[in-house]
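These protein sequence lines are chains A and B, in that order.
Residues 1 to 154 in the working numbering are what the first sequence spells out, letter by letter.
Residues 1001 to 1223 in the working numbering are what the second sequence spells out, letter by letter.
Worth double-checking, as some hints may not be accurate.
[Stated by the list, open to error] If you want the footprint, here are the derived chain B segments under chain A, 3+ residues with CB under 8 Å:
{"hint": "1", "segment": "1088 to 1095"}
{"hint": "2", "segment": "1099 to 1105"}
{"hint": "3", "segment": "1134 to 1140"}
{"hint": "4", "segment": "1181 to 1191"}
These are computed hints drawn from the structure, not numbers from a lab.
The structure displayed is predicted, hence computed values, not measured ones.
Each residue gets a CB set at the ideal place from its N, CA and C atoms; glycine is no exception.
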Amino acid sequence: MNSLKHLLALSLALPTISLADVSVKEAWIPEAPPTAQAMGAFMTIENSDAQAVKVIKASAPNFDRVELHESIEENGMHKMIAQPFLTIPAKGSLELKPGGYHIMLIGVQQPSKAGDVIPIELTLDNGQKIMVNTSVYKRKDMMHKMPMMKGKSE
Amino acid sequence: MNETNRNHKNLWMGLGIIAGFFIILIISVGVKWMNNDPRLANKVDASVLKIFPHPIAIPSASLIDKAGKPFDFNQLKNRWTFLYFGYTLCPDICPTELTALAGVLEQLREQQVKAAHGVLFVSVDQQRDTPDRLRQFVDYFDPTIQAVSGEESELRIMAQPIGAAWDKVAQFDEQGQPDQNNYLINHTTSILLVDPQGRAVGVFPTPHDPVAMAKAFTTVVPE
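Chain B extracted, bound-state conformation (with noise of 0.2 Å):
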């Protein structure tokens, strides 16, 4: 009889001493992941990468993919994704950093990077943006790319809180009046790092070298 008792002792002082065990390394995960290291930011050059103070959670809105699936959320998850905001007729500067965010997928294979990444193209023109026209779009800079768009309420819901933001500008036609379907939108440049959990962690402020931006990637992202 004491015999038992006394190893049932044991077995309950040692299930605890493994309990506490854990519970202290969740602890030091979840603080660690809760604010970014702020060694972190040393790390890296702020006018390349400038890391927030604290991740911002991105919240899950109702979109569409370049496939013309709803787009899972999950996908931000157990991965790093470099996230845009522009439209697919935006003459210069989307282009332009279709072709940087490009540039650094390509940097990223050359160098053979393991962490898991990828690129994701919101458009802000639901009106005009497609699957179809997305597809194109981001598939004539690098086919990896996703992108996705929805109703204007739900992109605000995903956006807000990271801060991209947009305005339609009319365009008038000969007669002066504004032409419904030829307007231009101004739109945040910025593009954000976005960690494995879904949260933005970090802003990459232009102009955008694709060089110094797969650097600082890898200077970031452990191995």
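One chain only, chain A, in its complex shape (with noise of 0.2 Å):
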């Protein structure tokens, strides 16, 4: 976890954008196969105000819709769940990853490849918006440095 953090910290300075008392982090879309319409985006969004603050929105251009998703695993199934929102624990933050919450890039309109970047804007409950310039990576670049993703042991 600690070489993925590096790798991230290194490689993806352009997305850390911070406004006010929320920030966003380590914004990453792994690259989709050619047949792909749909894109997962992950990303730690940290809150250092006294308050929970929540995530109500999510969008980004070339994609017909963005939802907020949870991914589970009950009794060996995985599930793909829509939330209404992503709440942001106050001085916490909401770790978005594989196998966890992400967010859900639908209807791919122009296919993004490894190294494209996709701006994803957030609407939070307070009427904020924070624009996160999220890059593409190879799904296995980011596997190597992170010896598979762990989902919600890590």
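Using the hints, put the two chains back together into the complex; each one sits in its own frame.
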């Protein structure tokens, strides 16, 4: 996990955008196979405020729609469940990661390749908007750094 | 006359001994293969590869492969297979799992593992996964990965004994109507290990770390 953090810190300097008390870091999107109609976006959202904050909406150009999702595994079955909002706890953070919470970019209008940057706008329940420049990476390269997404156990 | 009889007797005795030897050999091999070697289960970390107490035969079903040809279940024979059920429009988990499987193949190639092996991706989304889509999807990860799909009933024949399951989940359009072409599928995420006799002998539970999986494979599979 440390090596991932280093990798991300080095290569994802761009997306670290801080507005008021909520900031986003380590934002990335795995490159999708050519058949994909949807892509997941992952990031860590930090909240330094004493109040919890909710992400109530995410949007991105070149996609039909964007949803907030959670992947869960129940009795060995994998499920994806749309979430009305994501809560970032007071003085805490929420990690969006494979096998957990993620932003689902649905209806790919234009295929993205590793190296592309997709701007994702998050809307908070306090009306604030945060622009996150999210880089596309080859999934393989990220797995290599993270001896596999350990899901919830990490 | 006596000489000939004695010769015959010796010949029959010899044949009997040879036949007996083969019968014992066949029985011992059979017993070994009917049950998984219990020592095997102790050799690998069950959180990486869980060996089943008994191998589970995978029934043949009528499926179409990524080249649009009927899939010959003999392709599951004479080699080890990593078997995974999913669908190409699966947004997150299937690409992650196929990346892991491509990683296992890469590991085994790097280690020059001689035991024949391959990956089979079974799409449970026959409605949308045409052979062409299957090919584009798996080839993106590793062109040696085979992919198949088929009628729901045929898929269930193959999947049921090995516990692979899935459920279609309708998605609703803006008018609140179920969208016929835009649905998700909840499905099992385990990767099964199939032996050269076409029987599932174990399962790789999630999470799937290609390095650990390749190590478990080389521990279990004789060179």
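Earlier hints that do not hold, by number
Those not satisfied: there are none.
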